[in-house]
Amino acid sequence: MINYPRWAIAITLIVCAWGIVFAAPNFFDEPPGFLPESQVNLGLDLQGGAHLLLEVEIDDVLKASLESIRSQVRRELRRRQPRIGYKSLKVEGNAVVIRGFKSDDIDVARERLRNIDRDAAISVSGGIFRLEFTEQAIIDRRQRAIEQSIEVVRRRVDETGVSEPTIQQQGEQRIIVQMPGIDDPERIKRLLGKTAKLTFHLVNEQASVADANRGIVPSNSMLLYENDGGQRVPYVVLREVVVSGERLVDAQATFQDGQPIVSFRFDAQGGQIFGRVTSENVGTRLAIVLDNEVVSAPNIQSPILGGSGIITGRFAVQETVDLALVLRAGALPAPLHILEERTVGPGLGADSIAAGKIASIVGFTAVVVFMIASYGLFGVMATVALVFNLALILALLSVLGATLTLPGIAGIVLTIGMAVDANVLILERIKEEARNGRSPIAAVDAGYRRALTTIIDSNLTTLIAALLLFNFGTGPIKGFAVTLSMGIVSSMFTALMLTRLLVVIWLRRKRPSKLPI
Amino acid sequence: MRLLKVVPANTTIDFVGKRKLAFGFSIILILISVGAFLTQGLNFGIDFRGGILMEIETNGPADIGALRRTLGALGLGEVKVQEFGEPTDVLIRVQQQEGDEDAQLKAITVIKEALGDVVTEYRRTEFVGPTVGAELIKAAIWAVTSALGAILVYIWFRFEWQFGVGAVIALSHDVISTIGLFAVTQLEFNLATVAAVLTIAGYSINDTVVIYDRVREELRRYKKMAIPDLLNLATNRTLSRTFLTSVTTLIALAALASLGGPIIRDFSLAMIWGVVIGTYSSIFVAVPTLLLLNLGRDAFSSGDDAEEGKEADDGSAESSAEDPKDGQGG
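Taken in sequence, the protein lines are chains B and H. Letter 122 of the first sequence, counting from 1, is numbered 121 in numbering that gives the first Met the number 0, and no numbers are missing. Letter 260 of the second sequence, counting from 1, is numbered 259 in numbering that gives the first Met the number 0, and no numbers are missing.
For lysine-lysine, the following DSS-like pairs were computed, each having C-alpha atoms within a straight-line distance of at most 30 Å:
no., chain 1, residue 1, chain 2, residue 2
1, B, Lys430, H, Lys223
2, B, Lys430, H, Lys4
3, H, Lys17, H, Lys222
4, B, Lys196, H, Lys105
5, B, Lys430, H, Lys222
6, H, Lys4, B, Lys513
7, H, Lys111, B, Lys193
8, B, Lys193, H, Lys105
9, B, Lys89, B, Lys101
10, H, Lys105, B, Lys62
11, B, Lys509, H, Lys4
12, B, Lys430, H, Lys17
13, B, Lys430, B, Lys513
Calculated from the structure, these hints are not laboratory results. Since the structure is predicted, the reported quantities are computational estimates derived from the model, not experimental observations.
Work out the full structure: start from the sequences and follow the hints.
What follows is the structure, encoded as structure tokens:
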């Protein structure tokens with residue numbers, strides 16, 4: 000016992016020094032140059048901020064792809080000569096299904112449909128023709144959709160000037176947005192709630208709105224509404240998209256005749272198409288459609304050739320600012336829903352930190368007083384261990400980039416209480432061995448040896464629970480599990496290595512005839 | 000320096016002999032817990048139930064009645080308004096709105112408009128939609144059951160099967176009675192509470208394992224001692240540690256509960272209860288259960304021996320403990 004191996008001493012000292020050095024930056028606002036830079040990340044509940052959990056309606060993306068395949072199939076089969084007849088053409092599950100072919104047509108059809116979408120596998124059986132997405136294609140498309148969504152969300156959030164937002168994927172179709180310092184995320188929520196799918200359609204001037212309202216819409220058209228101050232004004236517009244928002248290169252909120260409007264500019268190709276269509280359709284109305292709602296449908300008075308235009312409507316100033324922003328940032332591939340919001344104001348965050356600090360200090364002091372009162376010199380050693388224990392937890396949190404949350408602070412305070420356990424186990428055992436008549440050195444030796452299995456068993460079981468908490472838990476549970484597991488590991492280290500070192504040094508120096516406990 | 004002695008050395012308390020009393024107490028506790036859970040249920044927070052929670056700071060002491068009237072008139076269903084810590088701090092809970100997530104978000108906007116200038120800071124706004132709530136429940140149940148299962152396996156592996164079963168019985172006892180505490184008091188049951196329950200489980204198992212470890216050690220050392228005596232010996236020898244660790248943990252938790260702010264107060268209170276009940280169950284549930292499960296030597300049947308053990312306890316157990324001849328080493 001008294002021969003504590005050199006390498007063990009070295010490891011103990013190195014780990015303790017590491018803990019102090021890497022915990023130290025947390026006690027400065029600006030860590031001085033000679034210290035490491037990383038500090039503990041404070042969770043949003045401590046520094047204040049908004050947390051949003053978004054879900055991407057990914058199935059919409061697949062549905063849209065399938066719909067587009069379906070309309071291409073129709074075009075390929077009907078428009079080109081020789082026409083190929085069929086009874087029905089439907090989207091079923093992940094496939095476009097064509098029924099009622101003549102069997103002679105199958106080869107021609109296969110040839111024509113082969114190039115529609117490389118990801119859609121073609122199969123024929125019993126006169127039924129299927130274009131079906133492969134598993135891999137579905138996975139790829141979903142992943143692409145979520146990545147695009149994250150990109151668009153990031154652009155939109157960045158445009159609002161939020162500093163250092165964290166935007167990341169969670170699970171298969173969710174996005175977490177964390178915005179420190181934001182205590183009223185209403186505007187961002189509104190911005191994220193818009194898909195911002197902008198399309199221009201010619202109004203079908205031949206169709207009757209009255210018929211459309213009764214459900215009779217020409218097959219090349221669709222019925223859309225404009226929201227006019229609570230009234231819903233119907234329009235019958237051609238399905239075909241003249242040009243869409245993807246071709247926009249800029250959008251700005253501005254004014255025309257004192258009215259807030261949005262001006263925009265197309266890229267070269269978009270400008271050309273726009274010019275051609277407006278030239279050919281002077282006198283027709285052009286519907287500006289945003290997320291399946293008509294914003295306005297001005298009459299084309301003259302060809303618009305410059306590649307830029309304006310969107311007018313019944314806008315408030317803020318609405319034009321927001322609309323321009325989402326148009327610049329691009330459309331989401333699929334609608335987003337906000338599943339969860341947690342926002343903490345700066346006052347509460349500061350209060351929580353203050354309360355956590357006071358609770359930690361009071362808890363720490365009380366435990367220390369109690370330990371020293373119970374174990375005297377050994378209590379002092381246990382206190383030293385506790386200080387290093389806390390330093391190690393802080394250092395681990397800083398280095399691993401883990402986030403400290405309010406439940407995390409609770410985990411630390413709990414650790415303060417529980418960390419002394421390993422020391423208590425050892426000290427009680429030493430006491431007992433001494434009472435049984437062993438010499439101090441033999442008692443210390445036996446105390447450590449016998450307490451070891453107990454410490455390992457009891458800490459491992461707690462650690463198992465903590466790790467499972469981390470694995471299955473979310474939010475507050477996770478934050479708590481992180482500090483608790485770190486606390487368990489570091490308290491095992493300090494009790495088995497550090498306090499032991501202190502005890503050995505003391506034994507060597509004093510060679511006591513009686514243990515002071 | 001005179002050191003504080005919380006627990007005297009060499010106690011010879013007959014814990015196992017009081018097992019009938021303890022089992023009776025525990026059974027009543029469990030019955031009350033299960034009864035309260037079935038009749039009153041838990042007061043689920045929005046984490047699990049979905050809905051909206053707002054903590055606001057008002058300009059001047061809040062007029063709870065007026066706030067209640069204002070928010071009640073919005074037609075959002077059940078709205079609870081209560082003071083939270085300070086007189087200017089108000090907690091508002093609104094039930095989950097009909098419809099999808101967007102309906103909830105709209106409700107937040109409506110509430111903010113209705114509150115208007117009364118509010119100087121939105122300290123907290125939380126909204127959990129129906130989808131997430133259901134998932135969180137599932138995740139929480141998974142976390143608890145898998146933690147219990149893993150602990151059972153670990154102890155089974157490290158000890159005899161009786162220990163594994165005993166530990167899990169003690170553990171379930173603690174978890175059930177903690178949930179019972181929440182059912183009886185109607186304190187809010189949320190994600191933080193689940194963390195508390197799991198920590199209680201961790202603490203309780205820690206406590207149990209320490210005593211079990213000692214039981215195993217003494218089993219190897221005293222081959223001839225009656226099992227009830229041996230269990231008492233192990234419990235008494237670890238009593239001082241059990242007590243000290245509980246006290247330090249309780250000190251830390253008391254600091255959290257009284258000074259840690261209102262958000263973690265319920266969490267800390269649950270933990271305090273858990274430490275007390277976990278300590279109790281290690282001594283009075285986990286250890287006597289070993290007896291019921293016919294631990295170790297079949298020659299010692301459980302049950303009736305306890306009364307004799309009680310009388311013999313003071314003398315024989317301690318004297319043999321001091322006797323090195325009995326010792327076989329660890």
